[in-house]
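Here the protein sequences come in this chain order: U and F. Count the first sequence with the working numbering and you get residues 19 to 208, in order. Count the second sequence with the working numbering and you get residues 19 to 208, in order.
Source of the hints: derived by calculation from the structure; they are not laboratory data. The C-beta atom is built at its ideal place from N, Cα and C for all residues, glycine as well. Don't take each hint at face value.
As the list claims (entries may be wrong) - Calculated pairs, BS3-like style, for lysine-lysine (alpha carbon to alpha carbon, straight line, at most 25 Å):
hint : chain 1 : residue 1 : chain 2 : residue 2
1    : U       : Lys20     : U       : Lys56
2    : U       : Lys68     : U       : Lys174
3    : F       : Lys56     : F       : Lys174
4    : U       : Lys20     : F       : Lys20
5    : F       : Lys56     : U       : Lys20
6    : U       : Lys56     : F       : Lys20
7    : F       : Lys56     : U       : Lys56
8    : F       : Lys174    : F       : Lys68
9    : U       : Lys174    : U       : Lys56
10   : F       : Lys20     : F       : Lys56
What the hints assert, rightly or not - Non-contacting residues of chain F with respect to chain U, defined by C-beta distances greater than 10 Å in every case (computed):
hint : residue
11   : Val31
12   : Asp45
13   : Gly48
14   : Asp67
15   : Ala165
16   : Pro167
17   : Asp179
18   : Arg180
19   : Arg201
20   : Arg206
Said to hold, decoys possible - Rough simulated footprint, nothing fancy, chain U against chain F, three-plus residues with beta-carbon under 8 Å:
hint : region
21   : 53-62
22   : 89-102
23   : 117-127
24   : 184-191
Protein chains: 2
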Amino acid sequence: MKYCSVCGNQVRVTIPPGDNRPRHVCDHCGTIHYMNPKVVAGCIAHWQDKVLMCRRAIEPRLGLWTVPAGFMENGETTYQGAIRETLEEANARVEVDDLYVTVNLPHINQVYMLFRGRLLDLDVSPGDESLEVSLLTENQIPWGQMAFPTVSEALKLYFADRARGVFPVHMLDIVRDGSTAGRYQVRRIS
Amino acid sequence: MKYCSVCGNQVRVTIPPGDNRPRHVCDHCGTIHYMNPKVVAGCIAHWQDKVLMCRRAIEPRLGLWTVPAGFMENGETTYQGAIRETLEEANARVEVDDLYVTVNLPHINQVYMLFRGRLLDLDVSPGDESLEVSLLTENQIPWGQMAFPTVSEALKLYFADRARGVFPVHMLDIVRDGSTAGRYQVRRIS
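Just chain U, same shape as in the assembly:
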């Protein structure tokens, strides 16, 4: 951010009075521009022993596998975001069960909120952002070709909980490991 979105003048980074963090501040109109984490809403959509997976048609991670998920929009609830993303990415209709896995990704200012959802029918097909969609059992999932650690960690929890027959709400921290490119530290919070 270089310019004030309210008045168009240049902003500067400074700690406002009464605050304790640097913010983008406009000296011209006085607006303080706060920046906050974004919510990624998604769905583990299941049908019998399978889950709905999408192979990404867009960057980042083009060609790799994920569950339907994307940035929550203004004016919707978290689970409406999950339902919308499942429709957009896999042309699939789900009924959401419950919140299942929340993942904190503080290094990229994101919070994933993944729901479990029951697929309502098998009429699924790739949306604009997917190359391919597929219903996969645990053994069929291409674990070595996953787009995001959030998704692979959530699916590992899902299949373990499925075997036990209980689905508690989990929270994970996933933080980039500074020492090795492309590696992450996963911490189970609950």
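Fit chain F to the supplied structure of chain U, relying on the hints for placement.
Relative to the frame of chain U, chain F by itself:
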């Protein structure tokens, strides 16, 4: 938003190619400015049969009661936000138990994530944004002087769950009732 925060030129509202929602778009530099909901992180900090409440020293709802909660910051996790807000608003140290209540507020583009937390000591005092802080039992809480319906609904769930001895994770929708000013519809999702 009137001006592009990247290049300072005027933006216009239009649906970008491949999108399905109006966005603020800069025709000069091509930036699409997405707007997304914000996370409010907070804590129901308990000590024996009491919870930590703050009387607000700032608008909105100056003079009314809340639990420590505020906008999650970039670079932190949801529960770190809850711990920070509890320290800032009540100078109180907590150890977070678990995520407890998530509230969708789609009419104001917010998602509350309230944690249960154990107060580590009784050395609490008002922070800059609080007039007064107090440890209150269910009967001592000024239910008619609550700042936000999110907080009163979460506390109702808390005391009911406390009586049962179990704390499942809840999700609520709270939406402004268009027909009556200051009234809200509360829907229990889970």
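Each hint, compared with the structure:
| no. | hint | result |
| --- | --- | --- |
| 1 | U:Lys20 <-> U:Lys56 | 20 Å, holds |
| 2 | U:Lys68 <-> U:Lys174 | 13 Å, holds |
| 3 | F:Lys56 <-> F:Lys174 | 24 Å, holds |
| 4 | U:Lys20 <-> F:Lys20 | 14 Å, holds |
| 5 | F:Lys56 <-> U:Lys20 | 22 Å, holds |
| 6 | U:Lys56 <-> F:Lys20 | 22 Å, holds |
| 7 | F:Lys56 <-> U:Lys56 | 7 Å, holds |
| 8 | F:Lys174 <-> F:Lys68 | 13 Å, holds |
| 9 | U:Lys174 <-> U:Lys56 | 24 Å, holds |
| 10 | F:Lys20 <-> F:Lys56 | 20 Å, holds |
| 11 | Val31 | 13 Å, holds |
| 12 | Asp45 | 15 Å, holds |
| 13 | Gly48 | 15 Å, holds |
| 14 | Asp67 | 24 Å, holds |
| 15 | Ala165 | 19 Å, holds |
| 16 | Pro167 | 15 Å, holds |
| 17 | Asp179 | 14 Å, holds |
| 18 | Arg180 | 18 Å, holds |
| 19 | Arg201 | 19 Å, holds |
| 20 | Arg206 | 12 Å, holds |
| 21 | 53-62 | holds (count 5) |
| 22 | 89-102 | holds (count 10) |
| 23 | 117-127 | holds (count 6) |
| 24 | 184-191 | holds (count 3) |
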